[in-house]
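Visitor: Residue-level listing of the chains:
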Amino acid sequence: MIRRFLCFLWLVLLLPLAACATAPKVHEYRLDNGLKVVVKEDHRAPVAVSQVWYKVGSSYEHDGITGISHMLEHMMFKGTEKHGPGEFSRIIAELGGRENAFTGTDYTAYFETLEKSRLPVAFELEADRMRHLKLDEKEFAKEKQVVLEERRMRTDDQPRAKTYEHFMAVAFTNGPYRNPVIGWPADIEALTVADLRQWYRQWYAPNNATLVVVGDVDPERILTWAKKWFGPLEPSEIPPLKPRTEVEQRGERRLTVKVPAKLPYLLMGYKVPVLASLPEDRQWEAYALTVLAGVLDGGESARLATHLVRGRQIAAAAGAGYDLYDRLPTLFLFNGTPAQGHDLDELEQALRQEVKRLQEEPVSAGELERVKTQVTAEAVYERDSMFYQAMQIGLLETNGLGWRRLDEYVDRIQQITAAQVQEVARKYLTADHLTVARLQPLPIKAGQRPPAPAGLGGNHVR
Amino acid sequence: MSVKACFALFVGLVLAFDVWAGPKIQSWRTENGVKVYYVHTPELPLVDVQVVFAAGSAWDGDRFGLAHLTSALLDTGAGRWDADAIAQRLENVGAQLSTGVSRDSAWLDLRSLTAADKLDVALETAAEILAHPRFARADFERERKRLLLALKQREESPGQLAAMRFYQMIYGDHPYAHPSEGEIDTVKAMRRQDLEDFHRRYYVARNALVVVVGAVSRTEADRIARRLTDALPQGEPAAPIPPVPAPQHARTERKPFPSAQTHIYTGMPVIRRGDPDYYALYVGNHILGGGGFTSRIVKEVREKRGLSYSAYSYFVPLKEKGPFVAGLQTRNDAAESALEVLRRTIDRYLAEGPTETELEAAKKNITGGFVLRYDSNAKLADYVAMIGFYGLPLDYLDRFPREVARVDRTAVVEAFRRHLDPDRFQTVLVGGGAVSRGDGEKQ
Chain A
1 MIRRFLCFLW
11 LVLLLPLAAC
21 ATAPKVHEYR
31 LDNGLKVVVK
41 EDHRAPVAVS
51 QVWYKVGSSY
61 EHDGITGISH
71 MLEHMMFKGT
81 EKHGPGEFSR
91 IIAELGGREN
101 AFTGTDYTAY
111 FETLEKSRLP
121 VAFELEADRM
131 RHLKLDEKEF
141 AKEKQVVLEE
151 RRMRTDDQPR
161 AKTYEHFMAV
171 AFTNGPYRNP
181 VIGWPADIEA
191 LTVADLRQWY
201 RQWYAPNNAT
211 LVVVGDVDPE
221 RILTWAKKWF
231 GPLEPSEIPP
241 LKPRTEVEQR
251 GERRLTVKVP
261 AKLPYLLMGY
271 KVPVLASLPE
281 DRQWEAYALT
291 VLAGVLDGGE
301 SARLATHLVR
311 GRQIAAAAGA
321 GYDLYDRLPT
331 LFLFNGTPAQ
341 GHDLDELEQA
351 LRQEVKRLQE
361 EPVSAGELER
371 VKTQVTAEAV
381 YERDSMFYQA
391 MQIGLLETNG
401 LGWRRLDEYV
411 DRIQQITAAQ
421 VQEVARKYLT
431 ADHLTVARLQ
441 PLPIKAGQRP
451 PAPAGLGGNH
461 VR
Chain B
1 MSVKACFALF
11 VGLVLAFDVW
21 AGPKIQSWRT
31 ENGVKVYYVH
41 TPELPLVDVQ
51 VVFAAGSAWD
61 GDRFGLAHLT
71 SALLDTGAGR
81 WDADAIAQRL
91 ENVGAQLSTG
101 VSRDSAWLDL
111 RSLTAADKLD
121 VALETAAEIL
131 AHPRFARADF
141 ERERKRLLLA
151 LKQREESPGQ
161 LAAMRFYQMI
171 YGDHPYAHPS
181 EGEIDTVKAM
191 RRQDLEDFHR
201 RYYVARNALV
211 VVVGAVSRTE
221 ADRIARRLTD
231 ALPQGEPAAP
241 IPPVPAPQHA
251 RTERKPFPSA
261 QTHIYTGMPV
271 IRRGDPDYYA
281 LYVGNHILGG
291 GGFTSRIVKE
301 VREKRGLSYS
311 AYSYFVPLKE
321 KGPFVAGLQT
331 RNDAAESALE
341 VLRRTIDRYL
351 AEGPTETELE
361 AAKKNITGGF
371 VLRYDSNAKL
381 ADYVAMIGFY
391 GLPLDYLDRF
401 PREVARVDRT
411 AVVEAFRRHL
421 DPDRFQTVLV
431 GGGAVSRGDG
441 EKQ
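Here the protein sequences line up with chains A and B, keeping their order. Okay, so the first sequence: first residue is 1 according to this note's numbering, each after it adds one. Okay, so the second sequence: first residue is 1 according to this note's numbering, each after it adds one.
If you're looking for bench data, these hints aren't it; they were derived computationally from the structure.
In silico lysine-lysine, DSS-like type, Cα no more than 30 Å apart, as pairs: (1) Lys258(A) <-> Lys255(B); (2) Lys258(A) <-> Lys145(B); (3) Lys372(A) <-> Lys118(B); (4) Lys445(A) <-> Lys188(B); (5) Lys304(B) <-> Lys142(A); (6) Lys142(A) <-> Lys299(B); (7) Lys372(A) <-> Lys379(B); (8) Lys445(A) <-> Lys145(B).
Which residues of chain B face chain A? A few of them, derived with a C-beta cut under 10 Å, are: (9) Ala95; (10) Arg142; (11) His263; (12) Tyr374.
Built from N, CA and C at the ideal position, the CB exists for glycine as well.
Looking at chain A on its own, in the form it has when it is part of the complex:
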């Protein structure tokens, strides 16, 4: 949930991340107070991206306070003892910079893009709000309304987003990915400044953060600036996270979501491991699942587009996705819309047949080669965006994997064999670990008003 116009949630969820084989050198430091600093040089333009990543997101939350990480993200722009509400944005704007922030299941991150010599200002402001946030009662009351509007816009009035929210809540029983990043409406409404203060104190500390800088910079100078501004901040005692390991799923789960909509929609998710959850000798599985996602949905030549959208024309759209860098075991996702004259049953059957085929026969040498070529090319293309490079570093550091994993990515993908792809398909894409959600459209009647809010916990405020 980015504070403003973008949504990284789906990006992170559905796009396999790729890194660069011949990436320029990365410099890593750690300050005495525990702040990790990672710098990557990119001298194409006289600008730099600075991102501060905190190890906290919706998967760190518990029932009753869901959405608190995202809410705190909003409040981080509402002033410190030194700088009043809105000052952060005003100062960065005056310097010609861009600033914003985003919250995901496993992280909260704040960023500035600036002319390179202006970076100290970003450091000063970020350091200030890392430990000296004001959390004003009045500002909070208004911002809560803004977040509720954000929720209405992103989820409540979006049939597919709503389906996804319900789907995750059914797919996970006790694992924290069951809660939406933005939070459940009743939880958002019931949050207090005291809740936020506690959350802030607990997680916003130098020893729970990574500062990532990518751009036309000198790493030693970045270190000097980082020491100057972040160095004096006190670390916190970060409590170890409770495991909350998802209980094993014992059989297929199905749900129907009925909302006013024009088209039906299907979501399917198989429980799968991630890099961080696999022992060293099984980590190839995460890369094999990534290749599998590429075979199914790596462009117009991939199987879903070729077989279901064009060939049999059962789907108007169909996709598959997996993110090996998630912090906790995740879902291998399928989604789709039936083509005209076809229904959700046929689409689901067709997707299951694709899974079955992956289990029964190895992918062809040509397909495998194509996926690998795409991964290699994307590793070059991704270097075109400083912001994305910084995001990858921040994400891997925050999820406990370390940025060095990026350097391995292309090689590890290249090593995957057809037999390994088949093996993970057999091992993980099994019906007993599957959840299926169907969006069943209710009619949208012209001129119809929405139903009245249904008591407490509804989506409507006062």
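Got chain A sorted already, so can you dock chain B onto it with the hints?
Guide: Relative to the frame of chain A, chain B by itself:
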């Protein structure tokens, strides 16, 4: 190219950036008459190529969606290759190809590695797609059905319904009025032959330009441009788009919809690309509703009152007058008061103009951060395509911050008064709060 519209906010140190001059755009014509725009960016072994035609939805005629569908069919079959073969050829070499349209233009974007064996395959495929698309019956039927479903899905969204209605209200019978994707009835009535005719008329050398940005030499860029367009017939440039008549009087429409939020748009057609007033309007709007959290609309609607998640205003300069749009979305019971705040904020700005402090802050932001708008190869290619398509000066990327720095308070006040007239604003509300007030204001 609305895609390439900018919400950008930026700025800073004019001095620091003067040292770093903008990228040098070179331009020439191929023997075939195609204009080429080229920037050398040697840092990464990739190249972004765009072929742009004056073939956007403004040339749909009464077949709304024709430009869009033509563009969507291009890579589903060309020459001796079907869609599968095309996809495999491109993806075997790691190339990425996409096509699209806006109201003004249609484009093909190609991103490739510069290694000769890979780039050659990508170019050969793209050239065939542009010159010899098959428009096979089966592909046509399939893509039309998919488009129809997308158009149906559009009706799930109060925001999209409001945006569509807004354009119809401000443009009336003008070709900018209908959405580029078309409408269900017109797409249903579309024939394969319409696409072939459209392609034959508009995908021609004299209606095209090629943008090459990447790690290739000028000679190589020229070869790329020729390779992509040599098979195109000479043809004729597209006919001009008719001028846009201004709406005669203000109107407000309220369309109930079963959603938790009501989406609001207000504005009118205003400005052509290349109009010298654009700099003053751009700077002025940055203060009004284009500068993100520092802009007046965001402060009034979101920061002071918590009424909306996103609230904004922007200008979209097009070949002919593109719109000024102000908008927001809010909970149903706040719709009328939010609209009132939006209107008051605009009215007050028109009456008083910006303060000197606001103006200085906006200018610093825009000029100082201008380089951030093209700090990647992909963004630079988009900018160069915009400059080429609208015939802006080749030094536009240097000129823009200079012109912005020159804008003063009087220029902003006068440009806003000259171009914006709230008595002609068209306003639409779609959502659960869009209740007719029974005072005859509806329609």
